Amino acid sequence: MVETKVRLCGVDLDNPIIPASGTFGFGYEFAQIYDINCLGSLSFKGTTLEPRFGNATPRIAETPSGMLNAVGLQNPGLDKVIAEELPKLRACFKKPIMANISGFSLDEYLTCAQALDKEEQVAWLEINISCPNVHGGGMAFGTCAASAAQVTKAVKEVTTKPLIIKLSPNVTDIAEIAKSVEDAGADGISLVNTFLGMRIDLAKKKPLLANKTGGLSGPAIFPLALRMVYQVYDAVKIPIVGMGGVSSAEDVIEMILAGATAVQVGAANLIDPYICPQIIEDLPKVMEKYHINSLTEIIGGAH
Amino acid sequence: MKQSIYTIIENEALTSSIYRMVLEGDTSSLTNSGQFINIKLDGFFLRRPISVCDYDENTLTIIYKVVGHGTESLSQYKKGQTLDILCGLGNGYDTSLSGDSPLLVGGGVGVPPLYHLAKSLIAQGKSVQIILGFNTAEEVFYEAEFAQLGAKVYVATVDGSKGTKGFVTDALALTSPYSYVYTCGPEPMLKALYGKTDVSGQYSFEERMGCGFGACMGCTCETKYGHKRICKDGPVLVKEEIIW
Numbered sequence: 001m002v003e004t005k006v007r008l009c010g011v012d013l014d015n016p017i018i019p020a021s022g023t024f025g026f027g028y029e030f031a032q033i034y035d036i037n038c039l040g041s042l043s044f045k046g047t048t049l050e051p052r053f054g055n056a057t058p059r060i061a062e063t064p065s066g067m068l069n070a071v072g073l074q075n076p077g078l079d080k081v082i083a084e085e086l087p088k089l090r091a092c093f094k095k096p097i098m099a100n101i102s103g104f105s106l107d108e109y110l111t112c113a114q115a116l117d118k119e120e121q122v123a124w125l126e127i128n129i130s131c132p133n134v135h136g137g138g139m140a141f142g143t144c145a146a147s148a149a150q151v152t153k154a155v156k157e158v159t160t161k162p163l164i165i166k167l168s169p170n171v172t173d174i175a176e177i178a179k180s181v182e183d184a185g186a187d188g189i190s191l192v193n194t195f196l197g198m199r200i201d202l203a204k205k206k207p208l209l210a211n212k213t214g215g216l217s218g219p220a221i222f223p224l225a226l227r228m229v230y231q232v233y234d235a236v237k238i239p240i241v242g243m244g245g246v247s248s249a250e251d252v253i254e255m256i257l258a259g260a261t262a263v264q265v266g267a268a269n270l271i272d273p274y275i276c277p278q279i280i281e282d283l284p285k286v287m288e289k290y291h292i293n294s295l296t297e298i299i300g301g302a303h
Numbered sequence: 001m002k003q004s005i006y007t008i009i010e011n012e013a014l015t016s017s018i019y020r021m022v023l024e025g026d027t028s029s030l031t032n033s034g035q036f037i038n039i040k041l042d043g044f045f046l047r048r049p050i051s052v053c054d055y056d057e058n059t060l061t062i063i064y065k066v067v068g069h070g071t072e073s074l075s076q077y078k079k080g081q082t083l084d085i086l087c088g089l090g091n092g093y094d095t096s097l098s099g100d101s102p103l104l105v106g107g108g109v110g111v112p113p114l115y116h117l118a119k120s121l122i123a124q125g126k127s128v129q130i131i132l133g134f135n136t137a138e139e140v141f142y143e144a145e146f147a148q149l150g151a152k153v154y155v156a157t158v159d160g161s162k163g164t165k166g167f168v169t170d171a172l173a174l175t176s177p178y179s180y181v182y183t184c185g186p187e188p189m190l191k192a193l194y195g196k197t198d199v200s201g202q203y204s205f206e207e208r209m210g211c212g213f214g215a216c217m218g219c220t221c222e223t224k225y226g227h228k229r230i231c232k233d234g235p236v237l238v239k240e241e242i243i244w
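As given, the protein sequences belong to chains A and B, one line each in that order.
For the first sequence, the positions run 1 to 303 when the numbering used here is used.
For the second sequence, the positions run 1 to 244 when the numbering used here is used.
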């Protein structure tokens, strides 16, 4: 009998599989098609202080082995998330959840983090300083080590729950930024958010996305994400949540060997809504195939 | 929504760029005319959303236009091959609001979802008129099929090579009084129709989608009733909520 349990910042997970923010809404759409309590956890849709419509459409484009999105943090806003979305999620999901928070100013991050910190089911705060699709915010905090550390330190001071900082891959030195948020008090790091990309519509001879650029996700980015997880594992001691193009139990094990304690599944949910339960079902079989007794034992094993 | 494997029992060209595919499999998740399916194709990441033209207990028919690499690939599939499909997506049309004499208006590949709708309305004893709009006579399809259902059919072509010369709105003058409008087609057509009809109606929209089932927020539009995901809260919107 193999062991799929992992412990992330002091919280136990039955398995390391966590649907990534922005690909799973607030869970209840998926709860209509399978019992989402099979998941380790889930990271809910990125929440901002005010409601956001997001960017103009088209927001989605096909790419080789992946997709671009420029949704732009569409969400109902903090108050509605707490009053309406979290009760609906609670009704269908009994496990610890990861609260994903975005902002346009330090104050906004603090207000959202303080409010969601009080929610009983929230086990971790995942601070998104890496959204590539929103101008004047999001990624601006995550592409510079000093501002990444500033957000981390400020949120840490006003919250009680483990703080996970979600990093952008659109930087020169991911390890430097990871180190700076660890030094500022982060309890964990999640990476990677999407890679900035674009497509051009040949018929119109203009960018395909209304936002011109979007974030690349899907299997196309898996090797890039894996490399960054590997690099960050060398740079920090805090746990890592690995993501980027993960689509199979084999990918999950590669991520863990590179240094991830838990693994998020993103774009794959949109193509195959049953991918997470499939990965969870496959995981023990793949572990046996490669003579892995416990996932915890192999974290960072490739180093 | 259900995900399952369907067997292709027909995939034939209706015109030089329009194909009809008949699939055999589980259609139990289809509940309304105007819903769509999302098809996984070998070599492509995103599924391709295509509206359902007709369905029964174990088959469904789609009619699609080859516009890019994905639909071109779909046109190459042969009878007997299988496809992984998410079925029963979107809200579809509500026939309970039609009144006694609904008018259906389809433009190009917006025509197919109106076929099952016309069938349902006629089965309910409604008097159905339909305007079919195309660019040219060579692109016209399903004129006879709608007539066989018992609908009164008007055709408009932009170049005048068949029926009324011009757009579907130019054929409005030919119709008898109607109680309600059901439509699907390119957005400029929907907008023109919105402005030139006085009765209420249901308008089916198209948008680039990520998932097709409401998870990714890739296809959201603003309406008078709030933000709506074209894939999950649509593709059919009622006239009163549309913001142009």
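Worth double-checking, as some hints may not be accurate.
Calculated pairs, DSBU-like style, for lysine-lysine (alpha carbon to alpha carbon, straight line, at most 35 Å) [as the list claims (entries may be wrong)]: (1) A:LYS5 <-> A:LYS285; (2) B:LYS40 <-> A:LYS289; (3) A:LYS205 <-> B:LYS191; (4) B:LYS65 <-> A:LYS204; (5) B:LYS126 <-> A:LYS206; (6) A:LYS204 <-> B:LYS228; (7) A:LYS206 <-> B:LYS196; (8) B:LYS239 <-> A:LYS285; (9) B:LYS119 <-> A:LYS212; (10) A:LYS206 <-> B:LYS239; (11) A:LYS5 <-> B:LYS40; (12) A:LYS94 <-> B:LYS239; (13) B:LYS239 <-> A:LYS80.
Covered by chain B, according to a simulated footprint, are these stretches of chain A (three or more residues, beta-carbon under 8 Å) [unchecked claim]: (14) 49-61; (15) 223-235; (16) 278-286.
Calculated directly from the structure, the hints in this document are not laboratory data.
Owing to the predicted nature of the structure, the values given are computational and were not obtained by experimental measurement.
Even for Gly, the Cβ is constructed at its ideal location relative to N, Cα and C.
For this structure, which hints from the list above don't hold up? Those not satisfied are hints 5, 8, 9, 12, 15 and 16.
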